[in-house]
Amino acid sequence: MATSLEFPIFAAPYLIVAADNLIEINDVDYWYDKRRAILSGIDMVIPRGKVVAIMGISGSGKTTLLRLIGGVMKARKGEVRVDGQLVSELDTAGIYKLRSRMGMLFQFGALFTDMTVFDNVAFQMREHTNLPERMIRDLVYLKLNAVGLRGAHRLMPSELSGGMARRVALARAIALDPMLMLYDEPFTGLDPISLGVIRNLIRRLNDALGATSIVVTHDVQEALELVDYVYYMSDGKIVAHGTPQEMLANDEPLVHQFVYGEADGPVPFQYPSRNYAEDLRMGARHG
Amino acid sequence: MAERSALSVRGIGRFTTDGVLRLGYAARFIALTLLHSGTSFRRFGLIIRELYFTGVLSLIIILVSGLFVGMVLGLQGYETLQTYGSESALGVLVALSLVRELGPVVAALLFASRAGSAMTAEIGLMKATEQLSAMEMMAVDPIARVVAPRFWAGVISMPLLAAMFSAMGIFGGYLVGVVLIGVDEGSFWSQMQSAVDFRDDILNGVIKSFVFGVAVTWIALLEGYDAPPTAEGVSGATTRTVVTSSLAILGLDFILTSFMFRGV
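Chains as they are written, first to last, in this note's numbering: chain A, 477 to 763; chain B, 250 to 513.
What the hints contain is simulated information worked out from the structure, not anything from laboratory work.
Here the structure is a predicted model, which is why all the values come from computation and not from measurement.
A portion of the hints provided could be inaccurate.
[Claimed, not checked] Partial list, derived from the structure: chain A residues whose beta carbon lies under 8 Å from chain B:
1) R524
2) G546
3) A586
4) F599
5) N606
6) L607
7) E609
[Stated by the list, open to error] Looking from chain B toward chain A, a few residues come up when the C-beta cut is under 10 Å (computed):
8) S257
9) Q380
10) S382
11) E385
12) M386
13) R394
[What the hints assert, rightly or not] Label-pair distances were calculated between CB atoms; the ranges are:
14) B:L272 / A:P744: 39 to 49 Å
15) A:S749 / B:T266: 34 to 44 Å
16) A:A753 / B:V269: 22 to 32 Å
17) A:T568 / B:Q325: 48 to 58 Å
18) A:R577 / B:L499: 33 to 43 Å
19) A:G686 / B:G500: 24 to 34 Å
20) A:G665 / B:M509: 51 to 61 Å
21) B:I504 / A:Q561: 48 to 58 Å
Note that the Cβ used here is the ideal one computed from N, Cα and C, for glycine as well.
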């Protein structure tokens, strides 16, 4: 398993409990049905200020892990700590308090379709603060300016392109200067220009806000250019982790197939089926 | 044979437990909605906005339908009453039919198809496009912010719409009975005034429409909130809202009528 020299704090995630880690996940299991685990034995630490990617093929448990961190679901076994707080022990009010310090960018933005761009970004400020409307206006313009869409504040979400919608959603997610940003497949369905813009914004906003970011993605090139560290998941387990360079050099077959986009390998091209020749013979018989 | 009967017994069992679970879920949903209604009343603007969408935008269909139902009542009522030489009682017939029954019931059925289905589709799509999840991740409770204002808007607007339906229906009856056929205007209004009782007729009609408002809005919101987040899921939920609401309105109408008007 790869380790990092650049960020020694990652060296043995399951052993380290440091004040500098914003998130600590220890031996976490999750399942809907006990016979089929979604996550098993997950150990992970995410230090403050870093951008960390959780990668893996669809169905590997990435989004579930993100939901455990956001307190949407509770771990069946093990501990998820965010900023020192054990998420599974928080009540609804505690979870909401924690979430008010998080921002999340959803796969397709999830903008409120009945509100303008301005109202979308102002939503959290109006819900969680008693700021006067004049100050909210200034803050919204600041956030929209950061994503380059101050001029679009009057538009409705239906009038935005996919890339613009994602940027507005990003402005909304950073509305209250969160300590933790969660990105769920932020690059899906974007054109190359929008993709580059979003990638740069993730890094720039993370550094400017002094936040910590977790990017769940299967977009290899973008992720490896953007992040400080990568966890690779397969079948509910972490099978490798390291810096982007270490992941590129990783010879674990699963990681290699994923990073280089090979059609066949440990993840087979064919869905499990009977013998091909047998199926063809059956077809001939039916004919 | 034994295997087949075991399967059907199992099917009945599953149907029953699913039904009980669904009822429990619906009860919990309405309890949570009531419990989290504080935000809606503290920020009444949220309810007013929904009143516009559920109430004001339903006005056209309610008023036009009320007018036609009243006109048909005028025609049919006149046909029957003139056989007994009591056409002067046309106003009473139109008013009582509308205020006691047709107003609350037809207005509620129209409300279920117009506003109820829209509520289900809107909330279902909000769920499918992760807007509700986004709200939760922003530490805002969707029950308090999305469901409760719509619930109270439905409950408030339903009796008002039913009253407008009845008023428009009476006007339709007047147009056909008095203006078109020539029933005496004085007896049309005076008999109506003396025969329609505020408590027994109007208040009971308002109570009915309030109950229908609760039922329709509850069903519509529950179906939307619980809809599978797919195109088929939202479309199925919208259909279920209209079907279940309509059946609930007719069933509740029978129960309420049997308590309110027992021919005493």
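Hint says 24 to 34 Å; check whether the CB-CB distance for G686 of chain A and G500 of chain B agrees. violated (60 Å)
Is the interface hint satisfied for S257 of chain B? The criterion is a beta-carbon contact with chain A at less than 10 Å. Where the cut-off is 10 Å and the nearest Cβ of chain A is about 26 Å from S257 of chain B, the hint is violated.
Closest C-beta approach of E609 of chain A to chain B relative to 8 Å, hint status: violated (13 Å)
Against chain A, run the beta carbon of M386 of chain B and see if the smallest gap drops under 10 Å. Where the cut-off is 10 Å and the nearest Cβ of chain A is about 4 Å from M386 of chain B, the hint holds.
Satisfaction of the G546 of chain A interface hint, Cβ to chain B closer than 8 Å: holds (6 Å)
Kindly confirm whether 48 to 58 Å is satisfied by the beta carbon distance between I504 of chain B and Q561 of chain A. holds (50 Å)
Verdict for S749 of chain A, T266 of chain B (Cβ pair) under range 34 to 44 Å: holds (36 Å)
Should the hint that L272 of chain B and P744 of chain A are 39 to 49 Å apart at their CB atoms be regarded as holding? The hint (39 to 49 Å, Cβ to Cβ) holds, given that L272 of chain B and P744 of chain A are roughly 45 Å apart.
Just tell me: holds or violated, for the beta carbon distance of R577 of chain A and L499 of chain B against 33 to 43 Å? violated (50 Å)
Answer holds if the nearest beta-carbon of chain A is closer than 10 Å to that of S382 of chain B; otherwise answer violated. holds (7 Å)
Cut-off 10 Å, beta-carbon criterion: hint that R394 of chain B touches chain A: holds (8 Å)
Checking hints one by one. Is L607 of chain A an interface residue toward chain B, by the C-beta closer than 8 Å rule? violated (15 Å)
When each numbered hint is compared with the structure, violations occur for hints 1, 5, 6, 7, 8, 16, 18, 19.
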